[in-house]
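A.B. asks: Line by line, the protein sequences are chains A and B. Here the first sequence is numbered in the numbering used here, starting from 1 and rising by one per residue. Here the second sequence is numbered in the numbering used here, starting from 1001 and rising by one per residue.
Just to be clear, a hint being listed does not mean it is correct.
As the list claims (entries may be wrong) - BS3-like cross-link-like pairs, simulated, lysine-lysine; straight-line CA separation at most 25 Å:
1. LYS155(A) <-> LYS1424(B)
2. LYS205(A) <-> LYS101(A)
3. LYS44(A) <-> LYS1364(B)
4. LYS73(A) <-> LYS1417(B)
5. LYS1164(B) <-> LYS1270(B)
6. LYS1270(B) <-> LYS1122(B)
7. LYS1244(B) <-> LYS1424(B)
8. LYS1036(B) <-> LYS44(A)
9. LYS46(A) <-> LYS1270(B)
10. LYS73(A) <-> LYS1424(B)
11. LYS1417(B) <-> LYS155(A)
12. LYS1244(B) <-> LYS155(A)
13. LYS1185(B) <-> LYS1122(B)
14. LYS1249(B) <-> LYS1270(B)
15. LYS1417(B) <-> LYS1122(B)
16. LYS1424(B) <-> LYS46(A)
17. LYS1417(B) <-> LYS1249(B)
18. LYS1036(B) <-> LYS1329(B)
19. LYS1036(B) <-> LYS1159(B)
20. LYS1054(B) <-> LYS1036(B)
21. LYS1249(B) <-> LYS155(A)
22. LYS1036(B) <-> LYS1332(B)
No wet-lab data here; the hints were simulated from the structure.
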Amino acid sequence: MSKKRLMKQQEERDAFILLAPLLLLMLVFTVYPVLANFFYSMTKWKGFGAAEWVGFQNYARMFQDVKFWHSLKNLGVLILYIPAGVFIPLLIAAILRDGLKGWTFFRSVIYLPTILGYVILGTLFSIILSQTGPMVEVLSFLGVQDANTINLLGKSRSAIHTVAVIFVIFSKMGFGCIYFLSAMSGIDSGMYDAAGIDGAGWWQKFFHITVPSISFSIQFFLVLSFIEVFARMYSFIYTLTYGGPGFATFTLEFGIYRQGFQAFKMGYASSWAVVLFFFCSLIAAAQIQVLKKGDQLS
Amino acid sequence: MKKGFTLLLLLVFCTSMLIAGGQNESDAAASDGPVKLTIWDFKYSEEIVGSALKDMDSLYLAANPTVELEHIAQPHDNYYEILAAAVGSGRVPDVIMAHTDQRIWNMDEFLLNLDPYIADWKDNISDSAWAACSSTGDSSENIKIVPLTAQGLGIYYNKANLAKAGVDAGSDLSEWETFLEACEKLNNAGIPPVVMGNGGQPFGIDFAYRTILANFYGPELAGFRDGTANFTDEAFVEASRMMKTLFTKGYVVTENSTMPYFMDAIELYKSGEGGFFFGLTSDIAHWKDFGDAFGYENLGYMPSINADAAPYRDRQSSQGAGIGFAVMKDSKNIETAVDFLYEYVHGDSANLFLNRTGAIVPNKNLPIDNESLATVVNYMSNNAVPDFYVQLDAGFGAEMYNYFQLFFLADEISLNKYIESLQKAYEMNL
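Produce the entire structure from the sequences given, and follow the hints as far as they go.
C.D. replies: Have a look at this one:
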């Protein structure tokens, strides 16, 4: 065996040894839970004690459960707000990039929701939008009759849209702006100057220079927004609406919590988690595609 | 080779660190010192109940110098989740506080059967409390919890506000028609007739249902545990109609739909606002809370509302026991743990808890010298019927709240749809 080949084998072995701790952690904390979840979704299990095999009973029950269908419908509504959740911070970033007077102040204000976190944000808005909250006071002061009956979070029709505006658009705005501003800093300013000489207006520059130049960043932010909606809304829903009124703001993630940790039906909750896993897999696949595209661009 | 060996050592080190992180603390460490009892409690950080429990601990420690207590305040909101995680990992405390409902019965197999340990003093505690503390609902066996409080639901009223509205507080306000007339007069006088917190989770509606249903079902409320009682029963439908009337007539103020029951609604009622309040008999929102706030001479109590359609009268919704303490089967200090619980519900400790917190303690030998307390205890002792909510599956209970919101607060579904939805969800969870 040549010395070169021996060295290559040695390097490969070293690489595996170095990767082993990480792989072990991934096996224990990622692969095993995912596989175990599939198993438990076929059992009647409280989350502790013995599990009883029930086959596909949990899935059959899930498809008859109104909560499940409400969750999917609500996720659908939330997804519809994602384009606005991406476009608005993009637009604000483009305006800030042009040098708005006092923009450092605006940047700080816009970033505030990101610093607060979902629990504080949910609690704050539950107070602000309550029937005895400051929003009603302000509206009443402005002369709005029966402002306390508006109750945005108390009616099914308005609750999910209110949640969507706060979570998908408002809470992401700060991070989005900073993220897009940073991406825009890489655009050659000469392109804008040249376009200006050619007579291009602000919107034309925005759509024909800014957006194409940072398309990879936009796609990445889009994928992130999907992940946030599917898998990071629990604490926000818990503190803002608790899934109500009725099931108007119930999501898959919140349903998993309710079934698994409140009702101690962990087997049933696992079947919901399998559906969530399916959606997250689709997002992950999209994310991989975006990253590949990014690599090709770079 | 040397490099490979170093990497291997690194791997072994990392693995051993991982394994070490998951090791249990050795029990041998404590074997030579005093007995250390670990207690988990979701009330320990509360201002009034917590301070009473701390003083009860001091009493116990003074009498038992060889025992050390590690009394840990756990968060109330996700207490059972934390407990489930502990049970799942096999690292449990010696003693746990628990509600006597489905949340703890889900973990029944991990609790110590106390039957042989309490035989000598079992008669000191009321039978109804022991029944609530039995995993099979039978006061004679399978006792898993030592009861600290006797919990129930009832209706408190502010006599001073009723007088202001021109209502004769001496009349029988528990009659449905009289109750509605009183609400109307209160409304006309600008006093909110019913203060009811329903923000977040609609506990106000829940508690009102539990008092009203007591007269509709009486002892048959236990049928909600096994499906012999149903939401489609005319009794439940009629109770729902009565409840809805309170909302449609504007007796429950609109703002109450976003006001949390704990503590906002309670504090509002304590401040002297409102006529009626659907409250508890222990924990908080009870006779002492309100009596201390606006005077015992102004405080009235009735267990339920008497309606023509209801076959029972003046029934008192009672859980038998509200909260109590259980000993974990895996505890290494069972004898000490049981002794600790005995002290908690007897003598100076029990007296201290009753007088400080106002919670009704199910020890039959404690003196009762407050008239309001005597009224409540009288109903609890003589007119008790099973509490509706504790019969239900924990998951369904949470789901029922969602339908309360839709029917009463958002007013988005009809009575028929409401009943049909509840029944369907109930059957799925039986």
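A.B. asks: A separate judgement is required for each hint: does it hold in the structure or not?
C.D. replies: Tested hints:
As the CA atoms of LYS155(A) and LYS1424(B) are separated by approximately 23 Å, the hinted pair is consistent with the 25 Å bound. At roughly 20 Å between alpha-carbon atoms, LYS205(A) and LYS101(A) fall within 25 Å of each other, so this suggested pair holds. Of the pairs offered as hints, the one joining LYS44(A) and LYS1364(B) is violated, with about 42 Å between alpha carbons and a cut-off of 25 Å exceeded. Taken as a hint, the LYS73(A) and LYS1417(B) pair is honoured in the structure, with Cα atoms around 20 Å apart against an allowance of 25 Å.
Between the alpha carbons of LYS1164(B) and LYS1270(B) the distance comes to roughly 17 Å, so the proposed pair stays at or under 25 Å and holds. A distance of roughly 37 Å separates the Cα atoms of LYS1270(B) and LYS1122(B); the hinted pair therefore is violated under the 25 Å criterion. With a CA separation close to 21 Å, the supplied pair LYS1244(B) and LYS1424(B) stays within the 25 Å bound. A C-alpha spacing of about 36 Å is found between LYS1036(B) and LYS44(A), which places the hinted pair above 25 Å, so the restraint is violated.
Using a Cα cut-off of 25 Å, the hinted pair LYS46(A) and LYS1270(B) is violated, with the two alpha carbons roughly 40 Å apart. Distance check on the hinted pair: LYS73(A) and LYS1424(B) sit about 20 Å apart at the alpha-carbon level, within 25 Å; holds. Distance hint between LYS1417(B) and LYS155(A) is fulfilled; the C-alpha atoms sit about 17 Å from each other, no more than 25 Å. At roughly 17 Å between alpha-carbon atoms, LYS1244(B) and LYS155(A) fall within 25 Å of each other, so this suggested pair holds.
Restraint check for LYS1185(B) and LYS1122(B): the C-alpha separation of about 48 Å exceeds 25 Å, so the hint is violated. Taking the CA atoms of LYS1249(B) and LYS1270(B), the gap is about 24 Å. The hint holds against a cut of 25 Å. Using a Cα cut-off of 25 Å, the hinted pair LYS1417(B) and LYS1122(B) is violated, with the two alpha carbons roughly 47 Å apart. For the proposed pair LYS1424(B) and LYS46(A), the alpha carbon gap of about 22 Å is at most 25 Å, so the pair holds.
A C-alpha spacing of about 21 Å is found between LYS1417(B) and LYS1249(B), which places the hinted pair at or below 25 Å, so the restraint holds. Taking the CA atoms of LYS1036(B) and LYS1329(B), the gap is near 16 Å; set against the 25 Å cutoff, the hint holds. Distance check on the hinted pair: LYS1036(B) and LYS1159(B) sit about 50 Å apart at the alpha-carbon level, beyond 25 Å; violated. Of the pairs offered as hints, the one joining LYS1054(B) and LYS1036(B) holds, with about 16 Å between alpha carbons and a cut-off of 25 Å not exceeded.
Taken as a hint, the LYS1249(B) and LYS155(A) pair is honoured in the structure, with Cα atoms around 20 Å apart against an allowance of 25 Å. This hinted pair checks out: LYS1036(B) and LYS1332(B) have alpha carbons roughly 10 Å apart, not beyond 25 Å.
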